[in-house]
Amino acid sequence: MLGIYVRLSVEDEESNSIQNQIDEALKYAKLNNYEDSQIIIYNEGEGVKGSIPIKQRSELSRLVQDIKSEKIKIVYTRKQNRISRKLKILDEFLTIIEKYKTLIYFGDKGLLDLSLPASKMVLQVFGAMDEFAPNNQSFETKRSLQNRASTGKIWGRLPYGYISVDGKPVIDEYEASVIRRIYNESLKGSGTRKIAKGLNEDGIDTKSKRLILQNPNKKDYKESRIINNKNGTVVTYNRSKSLWNQKTIYSVLRNRWYIGERTYNGVVYKLPKAIITKKLFNDVQSNLKKNTNNSGKDVKHKYLLKGLLICDKCGRFYNGVRKHNNNKNSSAKYIGNYYGCSSKRSINYECDNFGLSIPMVESFIIKHLLKDKSLIEHLKLVDEQDDSISAIKDDLNSFKEQLKEQEHIRNNIEDLLFKKGIDNTERFQIKLNNTELNIRGLLTKIQNTENLLERKINVNRVTNFKENQETFKPNWNFTQYQTAIKKLVDEIRILGAKDINDKKFFTFKIKYKDFDEYSIFTTRNPYNKWLWLNKVTKTPTQEDLEERERFIELINDTEKGDIKTFDDSLNKSKPEFYISKGDDILINKEDIIEFD
Numbered sequence: 001m002l003g004i005y006v007r008l009s010v011e012d013e014e015s016n017s018i019q020n021q022i023d024e025a026l027k028y029a030k031l032n033n034y035e036d037s038q039i040i041i042y043n044e045g046e047g048v049k050g051s052i053p054i055k056q057r058s059e060l061s062r063l064v065q066d067i068k069s070e071k072i073k074i075v076y077t078r079k080q081n082r083i084s085r086k087l088k089i090l091d092e093f094l095t096i097i098e099k100y101k102t103l104i105y106f107g108d109k110g111l112l113d114l115s116l117p118a119s120k121m122v123l124q125v126f127g128a129m130d131e132f133a134p135n136n137q138s139f140e141t142k143r144s145l146q147n148r149a150s151t152g153k154i155w156g157r158l159p160y161g162y163i164s165v166d167g168k169p170v171i172d173e174y175e176a177s178v179i180r181r182i183y184n185e186s187l188k189g190s191g192t193r194k195i196a197k198g199l200n201e202d203g204i205d206t207k208s209k210r211l212i213l214q215n216p217n218k219k220d221y222k223e224s225r226i227i228n229n230k231n232g233t234v235v236t237y238n239r240s241k242s243l244w245n246q247k248t249i250y251s252v253l254r255n256r257w258y259i260g261e262r263t264y265n266g267v268v269y270k271l272p273k274a275i276i277t278k279k280l281f282n283d284v285q286s287n288l289k290k291n292t293n294n295s296g297k298d299v300k301h302k303y304l305l306k307g308l309l310i311c312d313k314c315g316r317f318y319n320g321v322r323k324h325n326n327n328k329n330s331s332a333k334y335i336g337n338y339y340g341c342s343s344k345r346s347i348n349y350e351c352d353n354f355g356l357s358i359p360m361v362e363s364f365i366i367k368h369l370l371k372d373k374s375l376i377e378h379l380k381l382v383d384e385q386d387d388s389i390s391a392i393k394d395d396l397n398s399f400k401e402q403l404k405e406q407e408h409i410r411n412n413i414e415d416l417l418f419k420k421g422i423d424n425t426e427r428f429q430i431k432l433n434n435t436e437l438n439i440r441g442l443l444t445k446i447q448n449t450e451n452l453l454e455r456k457i458n459v460n461r462v463t464n465f466k467e468n469q470e471t472f473k474p475n476w477n478f479t480q481y482q483t484a485i486k487k488l489v490d491e492i493r494i495l496g497a498k499d500i501n502d503k504k505f506f507t508f509k510i511k512y513k514d515f516d517e518y519s520i521f522t523t524r525n526p527y528n529k530w531l532w533l534n535k536v537t538k539t540p541t542q543e544d545l546e547e548r549e550r551f552i553e554l555i556n557d558t559e560k561g562d563i564k565t566f567d568d569s570l571n572k573s574k575p576e577f578y579i580s581k582g583d584d585i586l587i588n589k590e591d592i593i594e595f596d
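Position one of the sequence shown corresponds to residue 1 (the UniProt record's numbering), numbered consecutively onward.
Bear in mind the hints are in silico, worked out from the structure with no lab data behind them.
It is possible that some hints are incorrect.
Simulated DEER-style distance windows between Cβ atoms [stated by the list, open to error]: (1) Asp516 with Tyr174: 49 to 55 angstroms; (2) Leu453 with Gln65: 20 to 26 angstroms; (3) Lys589 with Tyr334: 17 to 23 angstroms; (4) Tyr174 with Lys503: 52 to 58 angstroms; (5) Ser398 with Lys278: 51 to 57 angstroms; (6) Arg157 with Gly203: 22 to 28 angstroms; (7) Ser61 with Lys168: 46 to 52 angstroms; (8) Ile18 with Lys71: 19 to 25 angstroms; (9) Arg157 with Ile18: 32 to 38 angstroms.
The structure presented is a predicted model; accordingly, all values stated were derived computationally and were not measured.
Backbone N, C-alpha and C fix where the C-beta goes; we use that ideal spot for every residue, glycine too.
Based on the provided sequences and hints, a complete structural model is requested.
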């Protein structure tokens, strides 16, 4: 069999197109009497760089496997740099060719026998020349950046307070006045949150927002991306709505540009003019340690579910809040003792999701995970019906393919940055940053999916829960409880409040460790009855409807009778039907555990 390998990278000319490469290869095949059934084309596609390793190129990897299985006995490719521009990668491929006694034909060199030392030497010499080109390109880019730094020109994006004039940074007097305000307020004792809040209230735009207003036709300025490090998802948000926040203020207060110094590759370069004095800068650095808003207070309380509770509305964690009661006439220890969405502490993000009573939600989780025998039976059934391994493998392969595509895009943008010149890099830099975020997100997804697949294959999932219930003792200390809970739960999502029959219910999703399964619970004040719900995705039967009536009776504590319509939009994006599982959990006085 003849294997034809084709690839097109961004630096290639039109004459090197994929179709031209295939046409030339088929002409060679016809001259050598190969039938169509004796030809396999390995088309790597466009935009794939020659410096990418073999394992990260799907078609080249497939070709190598076919060579090793002795399916392919001769390889055709237009030039050796179609295989790689890196000598190490080329040598790896040639070693495989030689080991499996496969012939190779290069369109510009003819048929080569790699058992002859001279043939291999010639290819290695040309391979070294191919590798020189991208290495030299990288060197020239770095040298150009160094030259721009030493001559006072711009590289990268300018910080707030500066604009570009003839390729050099010049102070923007309006933004400079904002910088001075930030430093002066910090010196007076204001924390980063207070400073940011004041700027937003006074209508002072951020750098991103000013760029959009000044460049309304440049779409690249209008959106940016952030990554959720927990699940790897990338979220796009509108820069035109960006606000000042604590992190931005802190970076301004630490930036030495404002005293006329900038650093590139470890070398400090002087700017013609500073925005603030060195004395003000140094005084602020000393004062930052005193402004407690930068670091927050040390958390001394014990929060059992720290790091597990996630707001389903905004994606942030729920944090524990305890406010001591200083009223001597009251016996209550706290006036506030709850888990709340952490977004309420942020300027840019506000969330209306509800708070949770710490002792009641912690006591419920302990009873459900460590005492509730019906949980074991439920998970056994889930385990028996689980056929998700093949789907997980498909997801993993999909993520890996997406990763390769994003890496190719990134490499192409880097090439364009060099070809377009440093003066025109900002638009490409934004694209590059977004691509890097996509890559980070995919790497996180791949790692999480690989871990999930390994656990699915190698771990007896139900045994973990059974053993924890069997070893549980009511006299455990806080650390023992917390260790056990984290072994059993990946996350608890707070879905939101919901009105049912004029009563407000609060809904939760619990994801168990090593299971895709979520259990959904709902409760209402005083949080002593937790109803375990089941999702029904088919048309409800009469039995389902009767079960639904029982559910509504439970949540209303009433007898059968006039029952209002049940709003089944727990999931806002897709209406679904919920009924009670019948395994409801009651929290009695003796079940309540308080660690503080």
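For each hint, the structure was consulted:
1. Asp516 with Tyr174: 49 to 55 angstroms: holds, 53 angstroms
2. Leu453 with Gln65: 20 to 26 angstroms: With Cβ atoms ~22 angstroms apart, the hint holds.
3. Lys589 with Tyr334: 17 to 23 angstroms: For lysine 589 and tyrosine 334 the Cβ distance comes to about 18 angstroms; the hint holds.
4. Tyr174 with Lys503: 52 to 58 angstroms: The hinted range 52 to 58 angstroms holds for tyrosine 174 and lysine 503, with Cβ atoms some 54 angstroms apart.
5. Ser398 with Lys278: 51 to 57 angstroms: holds, 54 angstroms
6. Arg157 with Gly203: 22 to 28 angstroms: holds, 24 angstroms
7. Ser61 with Lys168: 46 to 52 angstroms: holds, 48 angstroms
8. Ile18 with Lys71: 19 to 25 angstroms: holds, 23 angstroms
9. Arg157 with Ile18: 32 to 38 angstroms: Holds - the Cβ-Cβ distance for arginine 157 and isoleucine 18, about 36 angstroms, lies within 32 to 38 angstroms.
In this structure, none of the earlier numbered hints is contradicted; all agree with it.
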